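Quick note, the sequences are listed as chains A and B, same order.
Those letters in the first sequence? Residues 19 to 428, per our numbering, in order.
Those letters in the second sequence? Residues 19 to 428, per our numbering, in order.
Check each hint, because a few of them may be wrong.
Note that the list lumps identical chains together, so a pair holds whenever it fits in one copy or between two copies.
[Said to hold, decoys possible] Lysine-lysine pairs mimicking BS3-like chemistry, simulated, CA-CA at most 25 angstroms apart:
#1 K384 / K42
#2 K422 / K384
#3 K82 / K109
#4 K43 / K384
#5 K156 / K370
#6 K124 / K102
#7 K386 / K422
#8 K122 / K268
#9 K101 / K384
#10 K122 / K262
#11 K384 / K102
#12 K101 / K422
Simulated from the structure, these hints should not be mistaken for lab results.
From a predicted model like this one, the values you see are computed outputs, not experimental measurements.
So you can see what is in the structure, the chains are spelled out below.
There are 2 protein chains.
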Amino acid sequence: MKEIEGEITTPRGFKAAGVHCGIKKNRLDLALIYSEIPAISFGMFTTNRVKAAPVELSIQRIRKRSIQAIVINSGIANACTGKKGLEDADKMTEIVAERLNIEKEKVLVASTGKIGEFLPLSNIEEGIKQAVSELSSKGGEKVAEAILTTDTTIKQVVVETDIPARGKGKVMLAGIAKGSGMISPNLATMLCFITTDVCITPDALEEALKRAVNKSFNQISVDGDMSTNDSVIILANGLARNKKIKTWQKKKKLKIEDENFSHFCKALDYLCISLAKMVARDGEGATKLIEIRVKGGAFPKEVRRIARAVANSPLVKAAIGGASPNWGRIMSALGSAHTCVDTQRVDVYFDKLLVVRGGEAASFEKEKLKEILKRDEVKITIDLHRGSWETVFWGCDLTEKYVKINKRYV
Amino acid sequence: MKEIEGEITTPRGFKAAGVHCGIKKNRLDLALIYSEIPAISFGMFTTNRVKAAPVELSIQRIRKRSIQAIVINSGIANACTGKKGLEDADKMTEIVAERLNIEKEKVLVASTGKIGEFLPLSNIEEGIKQAVSELSSKGGEKVAEAILTTDTTIKQVVVETDIPARGKGKVMLAGIAKGSGMISPNLATMLCFITTDVCITPDALEEALKRAVNKSFNQISVDGDMSTNDSVIILANGLARNKKIKTWQKKKKLKIEDENFSHFCKALDYLCISLAKMVARDGEGATKLIEIRVKGGAFPKEVRRIARAVANSPLVKAAIGGASPNWGRIMSALGSAHTCVDTQRVDVYFDKLLVVRGGEAASFEKEKLKEILKRDEVKITIDLHRGSWETVFWGCDLTEKYVKINKRYV
C-alpha cells in the first residue's frame, strides 16, 4: 500500500467536475462525482436528530447500495427547511439523472453551508448542466475545492492498495473531505467522499467503511459540536476487476478470511485517518493538531471517553494553543470523563516526556516541555495502567480566531 | 422570604475573617468561617475522579454532620498532590482546631487555584493565626473576597426566611460563592459556602441542599469542564431556635409535611440560584448571562440534556457573544443531545420572539432579534411540544477573552 499523487477521479471509471453556480461569491460551489457504471456503495451519516434534507434523502437512496453519481453544493446546508427542503434535494438529483440519463434513485446529494435557508434551484440547475458538460477524469481537484466552505485547504488523499487489478496495476482508493469551516457561521459540517475501483461485495464494503470511520472520523473533534449534515460516502465501481472481495456469515458472526480484504481495509483506514487528521488540523482558527493516545484501559469505552473528554476540553485546547504546560487540566478533564479509572495510577506524557507519574507531577525539564508545546503537532499519551485497551483521538487547539470566526454576524 | 443586605456572618452565631498570607500577590487568599457552636452540616462535592486533597478530607469529615469551622485558601488547589497533599490539608485543619480549641474532626478545608503545586504551609499557618485573631461578625465581606481567584466580583447573597426564630426575627441564610476564575490558568473551581441559623435535622438539611443544588449549581456551565475542587457546603447552627424542621421516612420514602421546610427550601433555592447565576455571568471572559429554558419535554432527562447541550455548544455561545442571530446552531445543538425528540415540532424563542416554528424558520423581525441579542441577559426558550417537563439552565457567552485568559503561560 502506498499513497500516490492523484485525485478523486484516479480510480478507474470515475469522472468529476466542480463549477461556480452563484450560491457563494466567486468561489466554486457545485460538484459532481460520477462513475461510468453503477457502484456498490455505503454511507454513514450524522446521528444528529436534526438531519438536513439531503441527508434524509441520501439515507433512503443508499439503501439499494447501487449509486452512480453524487451532487454536492456548498454555501447552503438545506437543513431545517422542512418539506420544501426535501423537494429541493430530490429535484437536484432529478436534474442530474436527466442530464446523465440515469435513474434518479442512483443519485445521492449532499449540502453544506448555512442552516435554515432555501437553495437557489435555478442557479443549481444551471450549475448541474455545466458540471455534466465538464465531467472529466481531471475534474477531481475542482471537486475537492467546490465542497469547501471556510476550510483553508483542500483535503485529498489517493492510495494504491496491494490488491492486483485484472490486467495491470493495483486497486485504487481516493478520498476528499471538508471540515469545520463555514461559509457563514451556522455550520460545521464534515463531508467525505471516497471512490474506489475495487470489486467487492456490499457487505464487505460496509464492514470496511464502518471499521475505518470508527478509527478516523469518529475519533476527531474540532469543538464537540455535531453537524446536521455530516456524511461519509464510498462508491466502489469494481472496474479494477480484481478477484471479488467477499465476506460471509458464520454462526451469526461476520467472517472475513480474505487477504485482499485486509489489504483493502489497511488502505481505507490509512485514507480515512489521513483525511480525518487534515480536518482536525484545519479546524476553525486552529494552529495545531493535537493527538491524544489513551492506553492501558480496562474497557474500550473508557479509553474512548477519556480521549474525547481531553480533546474536547476548552481549557486543555486553549492551554495547548498558548503553549502553556498545564498538565493539571489534562488530569481534570480525564477525571471528569465518567469512568472508574484510578487516577493515582495515571501517567501522562507530552511526546516522550513523562510529565505526570501516578497522578502527580513528575520531575521533568520545563524547557523541554515548552519546546514540545510549540510544535504544530502536539502528541499526548495517557497511560491508565489497568488493562490493554488503547485508542487514538485527534483534535485541535482553541484560539481567539475560533471565537472571532464564530461570532461574526450572518 | 426576602433578600436583605448582609454577609456570610449575618445568620446568628457565625464569625469570619479573610486575610492575606502570601499565596497570591497582594490579595486576600485565606478565609475562615466559624460557628460559635457545632453546626449540622452537609456538603456536595465534585464528581470528578480526580479529587483535590481538601475535597477528599472534607468528604470524610462531613460524614459526622457536625462542623464548626471551614478554612479556605485560594491560589493553590492542592490537587494532584498525592499523600503530601492530604497531609497538608489535614495539617491546615489541625492548626485551625488548635487555635480555636476545637476538635480537628469539626474543621473542613477547601482550596482553589493551581493544580499540581504544594501549599506553602508556613504562610498558611501564619495566615490562620491572624484569621483566628481577627474573627468577627463583620468579617464576611473579606471572606467573600479571599476565596476568589480571577472572579471579577464577589458573590454574596443573604436571605431572611419566613420561618420565625424564637424570640424575635426570622431564620436567616447567607451564602458566598466563587466561580470559574483562575489565579493561574490551571483551574476553574466552583466553591460555595452557606451559613444559616436554622434549627433543622441532618436529613432535612441534606434533602433541602440536594434539591437546591440540582436547581442551581448543577444547572450552570461556563465551559463544560468539571473541576477537581468543586464544593458546596452548608452549616446550620440552630441558633435561631425555631421549632426544629424535621423529615421522616414513610414506606421507604422521605416525607416532609412541614410548612417551615417549604419556607426553608424556598429561601435556599433562591440563594443558590442567585449565586449560581452570578457564577455563570462572571464566567471567564463572559459578557452575557444566557438563560436556556427547555419545556414540553416527555422526560426530565431529555429537557436537561438539551438545555446542557445548547448551553455548552461553543458555536451557540460564540454566536450569542457576537449578537449573531444563528438559530440554526441552537437546532443543531439540540439535535445532537442524544434524545428522541421530534425536531419538526420544536419551537424556539429568543425572549418572547418566536424564531423557529416546527423546526423551521418562523417569520420574525430581524431587527427585533438583533436588539434582544445585544442585551446582557439573553433568554432562550425551547418548546419540545411532547410533554410537561421543564428545566432552566444558565450559561455565558464565549469570547476571545476566554481564550486569552486560558492560553496564558503559567
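Now for the hints, and whether the structure bears them out:
1. K384 / K42: between (48 angstroms within a copy, 22 angstroms between copies)
2. K422 / K384: between (32 angstroms within a copy, 22 angstroms between copies)
3. K82 / K109: within (19 angstroms within a copy, 70 angstroms between copies)
4. K43 / K384: between (48 angstroms within a copy, 23 angstroms between copies)
5. K156 / K370: neither (43 angstroms within a copy, 54 angstroms between copies)
6. K124 / K102: within (21 angstroms within a copy, 67 angstroms between copies)
7. K386 / K422: For K386 and K422, only the inter-copy Cα distance (23 angstroms) is at most 25 angstroms; the intra-copy one is 32 angstroms.
8. K122 / K268: neither (36 angstroms within a copy, 66 angstroms between copies)
9. K101 / K384: between (59 angstroms within a copy, 24 angstroms between copies)
10. K122 / K262: neither (27 angstroms within a copy, 76 angstroms between copies)
11. K384 / K102: between (59 angstroms within a copy, 22 angstroms between copies)
12. K101 / K422: neither (34 angstroms within a copy, 44 angstroms between copies)
Of the numbered hints given earlier, the model fails hints 5, 8, 10 and 12; all others are met.
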